[in-house]
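S.K.: Letter by letter, the chains look like this.
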Amino acid sequence: MDPMKAQQLAAELEVEMMADMYNRMTNACHRKCVPPHYKEAELSKGEAVCLDRCVAKYLDLHERLGRKLTELSVQDEEVMRKAAAGTG
Amino acid sequence: MDPQGQLRNLRDFLLVYNRMTEICFHRCSSNFNYRNLTMDEERCVDSCAGKLIRTNHRLMGTYVQLMPAMVQKRMQEMESKAAEMAKAEAEAAAKAGTSVPDNPSSAITNASMMSPSIQDIPNTSSTAPNGFQILSSPDNTSDIKTSSMTNGSAFGETNLHVITNDAKTFTNQSLDELITPSPVNTSVPETPTAGGAGQTPS
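Protein chains in written order, with the numbering used here: chain B, 234 to 321; chain X, -17 to 184.
Keep in mind that the hints were calculated from the coordinates and are not lab data.
Even for Gly, the Cβ is constructed at its ideal location relative to N, Cα and C.
Do not take every clue at face value.
Said to hold, decoys possible - Listed next, the in silico DSBU-like pairs over lysine-lysine satisfying Cα-Cα at most 30 Å (straight line): (1) X:Lys33 with B:Lys265; (2) B:Lys315 with X:Lys33; (3) B:Lys301 with X:Lys33.
To be verified - Here are the in silico distance ranges between beta carbons for each label pair: (4) B:Asn256 with X:Ala74: 50 to 60 Å; (5) X:Ser29 with B:Val312: 16 to 26 Å; (6) B:Glu310 with X:Gly(-13): 15 to 25 Å; (7) X:Gly(-13) with B:Ala317: 13 to 23 Å; (8) B:Ala244 with X:Ser12: 27 to 37 Å; (9) X:Glu24 with B:Thr259: 16 to 26 Å; (10) B:Met237 with X:Gln58: 45 to 55 Å; (11) X:Gly43 with B:Ala239: 55 to 65 Å; (12) B:Asn256 with X:Lys63: 42 to 52 Å; (13) X:Gln58 with B:His263: 46 to 56 Å.
What the hints assert, rightly or not - Calculated from the model, a selection of chain X residues having no Cβ within reach of chain B, i.e. all distances over 12 Å: (14) Asn13; (15) Thr44; (16) Val46; (17) Leu48; (18) Met49; (19) Gln54; (20) Arg56; (21) Ala65; (22) Glu71; (23) Glu73; (24) Ala75; (25) Ala78.
With the rest of the complex left out, here is chain B (with noise of 0.2 Å):
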């Protein structure tokens, strides 16, 4: 496979994945903020401010994880070369 056909797949590959996550935290947000009693199509003061705040600490959990994770799989990656230099 040519670089370029490769980047292009990981492009779109992102692309897939930040709808995904978008999906997600559109459930997750409609969950916390807006209660199942539908007695009007418009949203009220206080669900919209909920909303906003709530896609706010979404993203920012969504980033501070991707930090977390990057850490833990470097950590992963010491031990097991730590692993491999004992055994070899």
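Since the structure of chain B is already known, use the hints to place chain X on it.
M.R.: Structure of chain X alone, referenced to chain B:
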């Protein structure tokens, strides 16, 4: 690793990442009076992430240890079933006597299947074995060979030991004395053919 494999790994990682975000958000975020994460929420998120990752590692290790034994058990069951079917077919063929099929060896030869044994599986692995399938036992014995090979190659590099079935295979020659040949007129009378399609008769 090939680019396809890398992309698959990346996809799996990103899906785990998204799912982790969702789970930790559900469990840790309850106070929407502020846009930023509170101290309690930050602590909760860190603990949640660590716990999920360690859970994943633990589950993966156990899965990799236990799965080969289950696959091998499934293989043995399929093999014994195939042997029983082969024996039953052989008995049926012997009982039938005159009504023997044209090529009776094929029925039993198909049943002699390969039984790969999975060995040398590492105890723990940080990456999931991709594309692993547990196939249900197929209806006819000719399918067993292919499905067992698929199962055998589930964990990538595995040693396949081919064990053929010891059921006796009959050949057409050994069955010649069972079948009494009836005189059949095989000669075809030659008929003069007229002009083919699209030809005008002269």
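S.K.: Just pull the numbers of the violated hints for me, sorted ascending.
M.R.: 11, 14
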